[in-house]
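Can you build the whole structure from these sequences, using the hints too?
For what it's worth, this note's numbering labels the leading residue of the sequence shown as 1, then goes sequentially.
It should be emphasised that the hints constitute simulated quantities derived from the structure, not laboratory data.
Please note that a few of the clues may not be correct.
Restricting the straight-line Cα-Cα distance to at most 27 angstroms, the calculated cross-link-like pairs of lysine-lysine (BS3-like) are [what the hints assert, rightly or not]: (1) K152 x K389; (2) K308 x K152; (3) K152 x K205; (4) K306 x K317; (5) K170 x K152; (6) K306 x K170; (7) K191 x K152; (8) K170 x K205; (9) K205 x K191; (10) K308 x K389; (11) K389 x K317.
Distance windows between CB atoms, simulated [stated by the list, open to error]: (12) T42 x E169: 39 to 45 angstroms; (13) N259 x R207: 26 to 32 angstroms; (14) G346 x N259: 41 to 47 angstroms; (15) Q405 x K170: 18 to 24 angstroms; (16) R390 x T276: 28 to 34 angstroms; (17) D345 x G102: 36 to 42 angstroms.
Just so it is clear, CB atoms sit at the ideal spot from N, CA and C, and this is done for glycine as well.
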Amino acid sequence: MHRSRVLLWAILIIVLGLAPITANPAVASTPVPAGLAAQMDTSGPADYPSGINPLTGLPVDNPADLDLPPALVSISTFPPSVRPQSGLSYSPWVFELFIGEGMSRYLALIYGNYPQADLEDAGTTEDETITADDPSIGPIRSGRLPYESIRKLYNGFLVMASAYHTVAEKLSDFSNIFGTDDDVSGGSSVKSTDLRVLAESFREKLRMTVEGLGGMHFDPQYPEGGLPASQIWYPVAVLNQVVWQYDPAAGAYTRWQDNGDGVTFIQQYDKLNGETLTYENVVILFAEHHRYADTLMDIDLLYVTKGKAVLFRDGQKYDLYWTTRSGEYEQTTGLMRPIRFMDADGNPFPFKPGQTWVHLTPLGAPVYETEPWEMTGLTDPHTAWQQHKRSRGEGTGYWTVEFYQPEIVPQN
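Next up, the structure:
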């Protein structure tokens with residue numbers, strides 16, 4: 001998936017003569033050239049051309065793989081020593097959620113294309129464990145309560161490293177992957193070939209169809225009405241800060257994260273192939289969080305008629321809505337469909353063909369413009385954090401999402 005996309009954007013770079021971004025790029029959005037747009041047709045929300053992944057709007061290498069159910073893999077991101085993770089560059093959708101104690105975790109959806117190692121690129125990572133014949137995805141960590149809702153919506157199966165018993169009893173259609181004493185990456189991993197075998201084993205039970213993964217509308221040309229957005233600062237905690245930088249040359253956002261110290265920001269990449277983590281769509285999805293204990297919480301994602309969201313694509317910010325309400329498909333099949341996004345009038349909102357990263361965010365978290373978040377020269381993360389939140393400035397194109405930790409309300 002990524003190699004073909006890189007080739008397409010290479011054409012874009014040649015045509016436009018764009019340079020790579022700096023630490024704080026100028027706000028810019030670049031329309032897709034006609035020739036490139038022809039290879040990235042509009043699709044969805046109901047009809048997708050043969051061989052097109054309904055979760056990306058892009059062609060897959062082997063169309064037969066679209067008949068295999070999605071794998072939803074629990075990926076660790078703490079401690080920082082587990083980074084870089086393997087396989088994220090192949091994930092059409094990644095859901096990032098707060099798990100307590102200032103930490104977050106990823107649920108990476110693998111569907112359509114299975115991860116492959118690129119030794120030529122991965123060699124720059126100085127990781128000797130990567131093999132082209134049997135690449136792995138990980139590190140894999142324990143299951144969490146919100147995983148079940150996402151699994152149902154995407155009609156897939158979970159891959160995790162077990163779960164606390166009160167969590168495990170609420171999860172279904174999962175496979176546990178356990179590590180060995182040789183694992184030094186902070187968790188176990190699953191081989192790409194084994195993941196495919198797992199998908200085959202769940203195929204008949206899950207009754208997944210490509211039609212059932214529909215609902216997303218893709219258009220290579222960004223819509224009117226957006227606001228400039230060249231940077232997104234998403235601080236979960238002082239020692240867990242994420243920055244998305246818009247890269248005009250790629251037409252996508254690259255991910256940076258502090259190294260658990262609040263001052264050293266590192267551009268994130270996939271250990272499997274050395275690729276920078278680059279996503280065409282970054283979504284802030286607001287949902288009700290229920291925090292029962294410090295590290296035990298759930299998120300309301302099912303049967304939501306209309307929730308708020310923010311989409312960043314093509315260096316633009318859009319306010320929109322999301323829904324998981326039941327329709328004719330759900331009533332006819334008894335299955336659910338993925339999250340759908342719409343404008344204020346209920347019309348499907350176009351995402352850019354490509355990959356999507358979703359930050360599951362508590363209701364009411366403020367989103368506002370500030371001065372750019374400088375990722376260099378930081379010494380005191382606490383002071384920098386507070387000063388930055390006060391540096392509001394309308395029209396800057398630098399956005400802050402002021403995450404807050406949900407209050408603990410024990411279950412009755």
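Going down the list of hints, with the structure as the test:
1. Distance check on the hinted pair: K152 and K389 sit about 37 angstroms apart at the alpha-carbon level, beyond 27 angstroms; violated.
2. Between K308 and K152 the alpha-carbon distance is near 21 angstroms, which keeps this suggested pair within the 27 angstroms criterion.
3. A threshold of 27 angstroms between alpha carbons decides the hint, and for K152 with K205 the separation of about 13 angstroms falls inside it, so the pair holds.
4. A C-alpha spacing of about 19 angstroms is found between K306 and K317, which places the hinted pair at or below 27 angstroms, so the restraint holds.
5. Distance hint between K170 and K152 is fulfilled; the C-alpha atoms sit about 12 angstroms from each other, no more than 27 angstroms.
6. With a CA separation close to 25 angstroms, the supplied pair K306 and K170 stays within the 27 angstroms bound.
7. Pair hint K191 plus K152 holds up; C-alpha atoms about 24 angstroms apart against a cutoff of 27 angstroms.
8. As the CA atoms of K170 and K205 are separated by approximately 18 angstroms, the hinted pair is consistent with the 27 angstroms bound.
9. Restraint check for K205 and K191: the C-alpha separation of about 22 angstroms stays at or below 27 angstroms, so the hint holds.
10. About 22 angstroms separates the Cα atoms of K308 and K389, which keeps this hinted pair within 27 angstroms; it holds.
11. This hinted pair checks out: K389 and K317 have alpha carbons roughly 19 angstroms apart, not beyond 27 angstroms.
12. Against the hinted window of 39 to 45 angstroms, the Cβ-Cβ separation of T42 and E169 comes to about 43 angstroms, which satisfies the hint.
13. For N259 and R207, the hinted distance range of 26 to 32 angstroms is not satisfied, since their beta carbons lie about 44 angstroms from each other.
14. Distance hint for G346 and N259: a CB-CB separation of about 43 angstroms, consistent with the stated range 41 to 47 angstroms.
15. Restraint check, Q405 to K170: a C-beta distance of roughly 22 angstroms satisfies the suggested window 18 to 24 angstroms.
16. In this structure the hint that R390 and T276 lie 28 to 34 angstroms apart at CB holds, the actual value being about 31 angstroms.
17. Range check, D345 to G102: about 39 angstroms between beta-carbon atoms, so the 36 to 42 angstroms window is met.
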